[in-house]
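Novice: Sequence:
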Amino acid sequence: MVHFLPVGFGILLAGILAFVANPRLPTFSFKVLKLYPTLLHDSTPAFSISADIRLHNANFITAEVYAFTFDVYYPDWEERLKNIGQVTDVFQKQSDPTTTSGSATKEATNGKKKDAIWTLAPRSNFEKVDDVMMVPTNAGMKVFSNLSWDAFQKSGLLQVPLSGVFHIKANGKIPLSMSMICNNNVLDAWNMEFQGVSCHLDYVGPGWTDLTIESARLRSKLEDTTWRAADFPLPEAEESAVETIS
Numbered sequence: 132m133v134h135f136l137p138v139g140f141g142i143l144l145a146g147i148l149a150f151v152a153n154p155r156l157p158t159f160s161f162k163v164l165k166l167y168p169t170l171l172h173d174s175t176p177a178f179s180i181s182a183d184i185r186l187h188n189a190n191f192i193t194a195e196v197y198a199f200t201f202d203v204y205y206p207d208w209e210e211r212l213k214n215i216g217q218v219t220d221v222f223q224k225q226s227d228p229t230t231t232s233g234s235a236t237k238e239a240t241n242g243k244k245k246d247a248i249w250t251l252a253p254r255s256n257f258e259k260v261d262d263v264m265m266v267p268t269n270a271g272m273k274v275f276s277n278l279s280w281d282a283f284q285k286s287g288l289l290q291v292p293l294s295g296v297f298h299i300k301a302n303g304k305i306p307l308s309m310s311m312i313c314n315n316n317v318l319d320a321w322n323m324e325f326q327g328v329s330c331h332l333d334y335v336g337p338g339w340t341d342l343t344i345e346s347a348r349l350r351s352k353l354e355d356t357t358w359r360a361a362d363f364p365l366p367e368a369e370e371s372a373v374e375t376i377s
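Using our numbering, you'd call the opening residue of the sequence shown number 132 and step up by one each time.
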């Protein structure tokens, strides 16, 4: 038995090192089941969303998700991207289980333990009906009128960029932050279904970055940049319908 412990530890270490050196972003999709307006604690208007969330973890280690934040974008009539909303987990209380030092956070030693929101087993699919919160922004009529016109012209099938930040633990041991930019995703506005299509890692590193600061950094890369749907052609399957989500 003693001889197997170093082997098992070596396998675990190799898996974690492979994840850090060459992590694979989870593919994702979700379908909105219920949506209703609500107010945050500071009276900010928001939407509470119940969604069927599906992810695929292509890595060889377990990834536990502890917090996430996504920003959603859409171009105005001048093809300039604007932030139209932010989506977060409903359990996000960053100042409670973590303390901030600079741009990174460390687990507090106050005896509290934050539970993972989702646990993604290695090389497998994950599905859960869960709640998320969306806070819309005041992007202006140029954006929402363009979005409405595109939805009418394209039978509700829209291409929507986003950026996002994950707080995870690799194999439940090592806290990591992953930031990604998705230049293209498919939103079926009529059926309220969403699928990630083209995403890439912008940052991965040890510790948990400050979600507010990191989200702002990603927004600065996308907001007011020129974006055209024609520059990001969809696979044939997504052009006809978002069938792979359901």
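Hint data in this document are derived by calculation from the structure and do not stem from the laboratory. Small disclaimer: the values here were computed from a predicted structure and weren't measured. A couple of the hints might just be wrong.
[Claimed, not checked] Think about it this way: if two alpha-carbon atoms lie no more than 27 Å apart in a straight line, the pair counts; the simulated DSS-like pairs of lysine-lysine are:
1. K352 - K304
2. K304 - K165
3. K300 - K245
4. K273 - K259
5. K285 - K165
6. K245 - K259
7. K259 - K352
8. K162 - K304
9. K245 - K285
Novice: Indicate, hint by hint, whether the structure satisfies it.
Specialist: Here is what the structure says about each hint:
1. With a CA separation close to 31 Å, the supplied pair K352 and K304 exceeds the 27 Å bound.
2. Taken as a hint, the K304 and K165 pair is broken in the structure, with Cα atoms around 35 Å apart against an allowance of 27 Å.
3. Restraint check for K300 and K245: the C-alpha separation of about 12 Å stays at or below 27 Å, so the hint holds.
4. Distance check on the hinted pair: K273 and K259 sit about 35 Å apart at the alpha-carbon level, beyond 27 Å; violated.
5. Of the pairs offered as hints, the one joining K285 and K165 holds, with about 24 Å between alpha carbons and a cut-off of 27 Å not exceeded.
6. The hinted pair formed by K245 and K259 meets the criterion: a straight-line CA distance of about 19 Å does not exceed 27 Å.
7. A distance of roughly 31 Å separates the Cα atoms of K259 and K352; the hinted pair therefore is violated under the 27 Å criterion.
8. For the given pair, K162 sits about 31 Å from K304 by alpha-carbon distance, which is inconsistent with the 27 Å threshold.
9. At most 27 Å may separate the alpha-carbon atoms for a hinted pair to count; K245 and K285 exceed this at roughly 43 Å.
Violated hints, listed in ascending order, are 1, 2, 4, 7, 8, 9; each of the other numbered hints is respected by the structure.
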